[in-house]
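Student: Generate coordinates for the entire structure from the input sequences, incorporating the hints supplied.
Note that the protein sequences, when read in sequence, are chains A and B. Quick note: the first sequence uses my numbering, first residue 19, plus one each step. Quick note: the second sequence uses my numbering, first residue 1222, plus one each step.
Bear in mind the hints are in silico, worked out from the structure with no lab data behind them.
Only pairs whose alpha carbons sit at most 27 Å apart, straight line, appear in this in silico DSSO-like list of lysine-lysine:
(1) K71/A to K1380/B
(2) K147/A to K1361/B
(3) K1369/B to K155/A
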Amino acid sequence: MAEFEPKIVAFVCNWCTYAGADLTGTSRIKYASNVRIIRFPCTGRIDYMLLIKAFDEGADGIIVSGCHPNDCHYTSGNFHARRRWIMFRSLCNFTGIDTERIKFSWVSAAEGARWADIVNATVSEIREKGPYTEYHKVSRHAEKEVNHG
Amino acid sequence: MVDLIKKAKELIETSAVKVVIGYEEGTGNKTRALFVEKTEDADRLIFDSRCVQNLAAYITKKEIKDKGKMAIAATLPVMRSIIQLASEFQVNDSNLLVLGITPESKLVEFANLVEVETFVHQYQIEIDARNKEMLDKLEKMTQPERWKFWIDELAPCFKCYACRAACPMCYCSRCTVDFNQPQWIPVASTELGNLEWHLMRAIHLTGRCIDCDACYNACPLSIPINLLTKKMLLDAKEHFGGYQPALKGDHLMSTYKPDDKENFIQ
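Tutor: Right, here's the structure in full:
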């Protein structure tokens, strides 16, 4: 059987991490291809429901990333997001969602190499942990995918 | 509650208010909400330890608001809810008169919401020992154990939304759970869908829930959903110094501090 390849969804902000990931590419740094990047205007726009839905749709790990504090394009979007993540992460942990599968990070537009490191580290950690079957077992979407091969 | 009946009659007679919201004897040794619009109805008003329903849930309802100015028999949690609703611009002095009932079951009259706020701030929101024990127990479990606990606890939920109806803070005219494009949460009762619904509810109540337990009391299956909001209450205290409903100032989740501390962002 082939080695398990985790599906990682990355929710990133347009102004820092997306540009950072772009730099990773233009710098020709190679990194794991398991990540599906979804671009948002700002980390403040990343609704917690989207993270839950990503697991529901079959993700094994999630990366949420945006501008460093004080660098937000909209001044305070990432500060609001940080407060939300603090509460949301704790609630997830309390309900038994594996919070080790959700990685939060700040990656600036200049940190192309750092983005590659974060993705690689996440992928290897999730690969070790294996698929998130605990969650996918109760999710209707992930199940569908299994049925249809 | 002779004082309350007298006061209600007086308010209706003088047309100071159009409706007085209080409790009356229900069925099965339970109490229910009473809307007094005629003086003779006021005699049915009661108050005792069984009156745990949060009456503040009615004051944002259109059909009640349309009647005109309301008076409400408000216990401490109800008064807290009222202050929170006022801070969210849902009620104000011109459409609401508060007839406070102190924890010692005494009637106090308030001229305006500022007085209610002052009264409410004398008491801290405290989580009772039984629930605290339960929270500790869950905290000590491993992650898979907690997952199993919640999936099992929430599995019988059939999404009657009694918790939502009973909550004074759930006044949105259209709830996310009612959306079908996109459909965030499945309509049918599914293990994951139920968890998603209760996660969403807890998050939307973060920084707003005043821990009245109305959701838990309303649940026909007695699912301990109030533990989720209690956990959020404790976290707010731990991370942001806590909150209490106040007429002025920022809400917990609509503001931030540049030096908010966390230990998980890389």
